[in-house]
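Asks: Listed here are the chains, written in short residue letters.
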Amino acid sequence: MKIQRLIAIAEVVLMLFGASLLLAQGKMLQVKGSDTMVNMVQILAEEFMAKNPKMPIAVLGGGSGTGITAIINGTTDVCNSSRDIKPKEMNQAWEKGVKPLKFAVAVDGLSIIVNEKNPLAQLTMTQVGAIYRGELKNWKGLGGADMKISLYGRQSNSGTYTFLQEHVLGNKPYSTDMKEMNGNAQIIEGVLADEAAIGYVGVGYVVDKTTGKAMKGLKVLNINKLEKDQAFSPMDKAAVDAGTYPIARPLLMITNGAPRGTAAAFIKWILSDEGQKIVEREGFYTVGGKYQAENAQNLK
Amino acid sequence: MTKRALRNIRESAIKAFFFTNGILAVIVLLGIFALLLSSAIPAFREIKLSEFLGQTLWDPTSPTGARYGILSMIVSTIYVTLAAMVMALPIGLGVAAYLSDVAHWRVREIVKPIVEVLAGIPSVVVGFLGIVLIGPLLAKLTGRTNGLNGLNGAILLAVMSLPTIISISEDSLNAVPNAYVEASLAMGATRWQTLARVKIPAALSGIIAAFMLGMGRAIGETMTVLMATGNARTFPHGLLESLRTMTSNIAIELGEVPYYTTHYYALFAIGLVLFLMTFLVNLVADIVLHKYQERES
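Residue numbers (the numbering used here), protein chains in the order written: chain S, 86 to 385; chain E, 164 to 460.
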């Protein structure tokens, strides 16, 4: 695991170095945004570039908010976002003559994770909301051990932060006791080390790619909308596809107007069977019928 | 043209070069201050100064209305810095006294450069130690489930400010005239009495200045505290809670904030408050150090 991470870091450094060299030539496609999507899109870009060496792509993270700001300010060609663009941002974009167009390139089951020592197996969305609003402070009240809940979350530029706030917290503020971590990987580190932890990350981050199960030391909670409903795991593909897993969401790529050149080729390739296979290999889910139609419309 | 005239031209050219360099530092400082001020002031078109400095809730992206209170962060910054200084002062002074008075000169020749190398360790590495070493250790010692809290940050900041404190304290202890020591020993004082009652009081202003410079370093440090303290926005009720300092908050949010919004200006306003705090500390250090140099000469 550690060595893999070191290799990953070395790769990123090399990529950045290579990217800066290519940027000097001024024809590289810039992709920026969501931390949840950054690893997946990075791998997609590598495979794409192996087939199309004349179409270089640079992928950067930073958070969905950062990506959306970048597409509005014109500092990136494609934005990765794990949340929808807000009406306020849409107005800002139109004011600057930017016409955001979105493509759902994958589906994520937003995963609520706890330490493996936590006896709980499921929570309702209402409970998750109450925990993150700071209304439920102890695991005891939920049937767990008598321990103060340690909240791990993302920073406000994160699409996941905003998505959870809108869909689970009922658009109310997060508890100020929440530790704000810089990315999905840091939340996982925190939850692995902390018996009383709860965290939220994209499903691609909890899956151990060699076994296809949840990463060792983590427990992925089953979630239901209401107490009476059956609870599902975000790792259950059928439940995410059918929409019975209540906090699934599309992962988006946003362009300014209809994509052209490298951007169009890259997005088309991601939406092809070949690209979607890689999406699935990285632990996320393929896009279904509703999004497919919308994508096809926007690609015209 | 005579040789002398040529030399005079060269002389004045060199003078002009050094004058420009000297002035450059002043210009850069004034430029930064002006930029900070001009980027901070627009924040107060929408935020009341009393809310900014007096309220504890910071939540600029809240769906129920943006809140811009930085009191929690100011208090967190002061907590962490003071705790770091409480730890660093006795250790720093002890090492300095050891190096100047007790250690064999050979030991000193080895230890002092090592202490100075400590100052060169990148803060991100120190922060990493906080996550993998100090954090789990603190969790065990305090019986909590995690160690991402103010104390963790304070310990790391203490380590980071030690080189400054040790180095300058030791210099000022060494600068105490030998006649003081000889006189004290001749009066029958022991070496400990000489150190504690003669040398340290004589070098006190230098030691205070060292302490202030170390503190300036600690207040402004960003990466280490960002990694070690957990960054919860809550008002800190103790060092064993996760907290967020002013520097961390700027580092976390400045990269993502849409330009020229109130949130953007507010982050610069935090920078301005921080600048004024470190400026005050450095000013006091400078005055004390100046006083000390005057007395020695």
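Hints were generated in silico from the structure; no laboratory data involved. Treat the hints loosely; a few may be bogus.
[Stated by the list, open to error] Below are the BS3-like pairs computed for lysine-lysine, each with C-alpha atoms no more than 30 Å apart in a straight line:
hint, chain 1, residue 1, chain 2, residue 2
1, S, 298, S, 257
2, S, 112, S, 139
3, S, 225, E, 303
4, S, 202, S, 375
5, S, 304, E, 211
6, E, 211, S, 171
7, S, 181, S, 112
8, S, 233, E, 303
9, S, 301, E, 275
10, S, 202, S, 173
11, S, 202, E, 454
12, S, 222, E, 178
13, S, 353, S, 310
14, S, 173, E, 303
15, S, 171, S, 301
16, S, 136, S, 233
17, S, 304, S, 225
18, S, 257, E, 303
19, S, 294, S, 375
20, S, 313, S, 353
21, S, 353, S, 184
22, S, 310, S, 112
23, S, 298, S, 310
24, S, 301, S, 322
25, S, 313, S, 257
26, S, 294, S, 222
27, S, 353, S, 181
Source: prediction; values computed, not measured.
Asks: Determine for every hint whether it applies to the structure shown.
Replies: How the hints compare with the structure:
1. S:298 / S:257: 33 Å, violated
2. S:112 / S:139: Holds, because 10 Å separates the two Cα atoms, which is no more than 30 Å.
3. S:225 / E:303: 21 Å, holds
4. S:202 / S:375: Given that 30 Å is the threshold and the Cα spacing comes to 39 Å, the pair is violated.
5. S:304 / E:211: 45 Å, violated
6. E:211 / S:171: Satisfied, since the Cα-Cα distance of roughly 27 Å is no more than 30 Å.
7. S:181 / S:112: Holds, because 23 Å separates the two Cα atoms, which is no more than 30 Å.
8. S:233 / E:303: 16 Å, holds
9. S:301 / E:275: Violated: residue 301 of chain S and residue 275 of chain E sit about 45 Å apart, past 30 Å.
10. S:202 / S:173: 42 Å, violated
11. S:202 / E:454: 60 Å, violated
12. S:222 / E:178: Violated - the C-alpha atoms of residue 178 of chain E and residue 222 of chain S are around 67 Å apart, more than 30 Å.
13. S:353 / S:310: Given that 30 Å is the threshold and the Cα spacing comes to 34 Å, the pair is violated.
14. S:173 / E:303: 46 Å, violated
15. S:171 / S:301: Between residue 171 of chain S and residue 301 of chain S the Cα gap is close to 36 Å, so the pair fails against 30 Å, i.e. violated.
16. S:136 / S:233: 51 Å, violated
17. S:304 / S:225: OK: residue 304 of chain S and residue 225 of chain S at ~18 Å, within 30 Å.
18. S:257 / E:303: 34 Å, violated
19. S:294 / S:375: Holds, at roughly 28 Å.
20. S:313 / S:353: Given pair residue 313 of chain S, residue 353 of chain S is violated - Cα atoms ~41 Å apart, limit 30 Å.
21. S:353 / S:184: 19 Å, holds
22. S:310 / S:112: 47 Å, violated
23. S:298 / S:310: Distance ~24 Å between residue 298 of chain S and residue 310 of chain S Cα, so the pair holds.
24. S:301 / S:322: The hint holds at about 20 Å.
25. S:313 / S:257: It holds: about 24 Å lies between the C-alpha atoms, which stays within 30 Å.
26. S:294 / S:222: It is violated: about 33 Å lies between the C-alpha atoms, which goes past 30 Å.
27. S:353 / S:181: Given that 30 Å is the threshold and the Cα spacing comes to 27 Å, the pair holds.
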